[in-house]
Amino acid sequence: MTLNLFYFLAFLGILCALLVVFSKNPVHSVLYLILTFFAIAGHYVLLNAQFLAVVHVIVYAGAIMVLFLHVLMLLNLNQDAEPHKSGALKFAAAICSGALLIILIASLKGTNLITAEQTVVADLGTVKNLGKVLFTDYLLPFEITSVLLMASMIGAVMLGKPEKNQSTE
Amino acid sequence: MIDFLIYKSILVLIIFTITLVVAMYATYGERKVAAFLQDRIGPNRAGPFGILQPLADGLKFFMKEEIIPNVSNKFLFIFGPCLAMITAMMAGVLVPWGDTLVIGGKEFSLQISDLNIGVLYFFGVGSIGVYGIMIGGWASNNKFSLLSAIRASAQMISYELAMGISIIALIAVTGTLSLKEISAMQAGGVGSDWNMWNIVYHPLGFLIFIVCAFAECNRAPFDLAECETELIGGYHTEYSSMKLGFYLFAEYINMFVSSAIISTLYFGGYNFPFMNDLGLDHNTITILGTVFLFAKIFFFIFFFMWVRWTLPRFRYDQLMNLGWKVLLPLSIANLLVTAGIALWLDK
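So the sequence lines, in the order shown, correspond to chains C and L.
Heads up, the first sequence stops at 169 in this note's numbering, and the numbers go up one at a time, no gaps.
Heads up, the second sequence stops at 347 in this note's numbering, and the numbers go up one at a time, no gaps.
Treat the hints with care, since some could be wrong.
EDC-like cross-link-like pairs, simulated, lysine to aspartate or glutamate; straight-line CA separation at most 20 Å [what the hints assert, rightly or not]: (1) C:Lys-128 with L:Asp-317; (2) L:Lys-8 with L:Glu-107; (3) C:Lys-128 with L:Asp-114; (4) C:Lys-128 with L:Glu-107; (5) C:Lys-161 with L:Asp-317.
Hint data in this document are derived by calculation from the structure and do not stem from the laboratory.
Produce the complete structure using the sequences and hints provided.
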């Protein structure tokens, strides 16, 4: 049952991820990306990480993708507006992404395939356990992440602020 | 296993039906409340006191011509209202509609599923709900619909923040996300065991939550997504027939579910004062509790309507100012003070 669900979600995730790339319409791409996020959230649920799953849906599917969609709808991109890339640029892009693919595959080769430990603890991903782990074992990375987020937030506010010279005129 | 499936299926079916019927009669209620507040009579032709009006409205929706604009994306155009409806229906899964019923020595909980992520599920569903409006508005290929979709999305995201933080203050005190446990903690009321409803401890949090709930449901005074004077009909300008009906209906379902969540979080859920002093048996108290829960829900639905027909619509910049400059700082202050007091009392 769980295995079938896994295969279904994996298939859905990969299919939607491919459709993100191959869709002509950017809005359709974003919608497929949202579906991909749902497939990933499904994987989290299978791993007993319900909190992660729901936060993933709220933050990525619910907020960030809404903003993506927001911007794309405002831009109203269509075929004519799409800038035409030169052949050399396409060639360079293909080589770069090809090299990245090779590196990723090569990094997999070195690892000896460890069969994942069967840590099927029912309350593994509950809010309580996650909170305890975050505030004991991973306190420093957690705090550093919040400082990083704070910095980016302040940066966004600074960028969004109207400049003083203009506003006084 | 089979027993479990049958019991859950029946429960789902009952709650599904109740949600639809309540939403249906909420449309009638809205018109009657509007009429009362404006000193009119309201619908009174179909059946006694116009009680069959929702059925007549539904029939009319089905009989209307189905129009799909030529230029729009057909799949997304149909998918939009479906998504609005699906997400509206999904949130009801979580609400504990009552305590347990004991039938033949077995205990049956009146909650479909008690997820340990609890309240967060409600936020997840709510944040997906906005896609119904966005997809519909975009697929209509109409600039007014598009503007409305963009307004709706910006509004939802802005108010979700304050709503989430106001809930965190409550969770910091209750120590659980599960709606069932939050309900159970408010049991008793005035009576044998003295447990106050959460509204006593979180008055400001409640105020922020209900204002945000109005915004999340796209209800007046925050219904800028369908502001007729600026956007014709907003995101459903191009819709006709039952697809329009779905959008309108989803709003009432959202209102019902929001009222249920507010009642559960802040007003004791299925608990009522003196519930343990009456000396009644468990099942009777459970059924009475469910009746009380619905009474609370109906009051909040009435409150939603009351506000809609009392307050004028906000301007868009006022809406954003309220969301970001008033509600968000207030909810953060509320969280800090509440958490501080909780920590102080704990020691």
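Here is what the structure says about each hint:
With a C-alpha separation of about 39 Å, the suggested pairing of Lys-128 of chain C with Asp-317 of chain L is violated against the 20 Å cut-off. For the given pair, Lys-8 of chain L sits about 13 Å from Glu-107 of chain L by alpha-carbon distance, which is consistent with the 20 Å threshold. Proximity of Lys-128 of chain C to Asp-114 of chain L is assessed by CA-CA distance (about 16 Å); at most 20 Å being required, the pair is judged to hold. Using a Cα cut-off of 20 Å, the hinted pair Lys-128 of chain C and Glu-107 of chain L is violated, with the two alpha carbons roughly 27 Å apart.
Between the alpha carbons of Lys-161 of chain C and Asp-317 of chain L the distance comes to roughly 16 Å, so the proposed pair stays at or under 20 Å and holds.
Of the numbered hints given earlier, the model fails hints 1, 4; all others are met.
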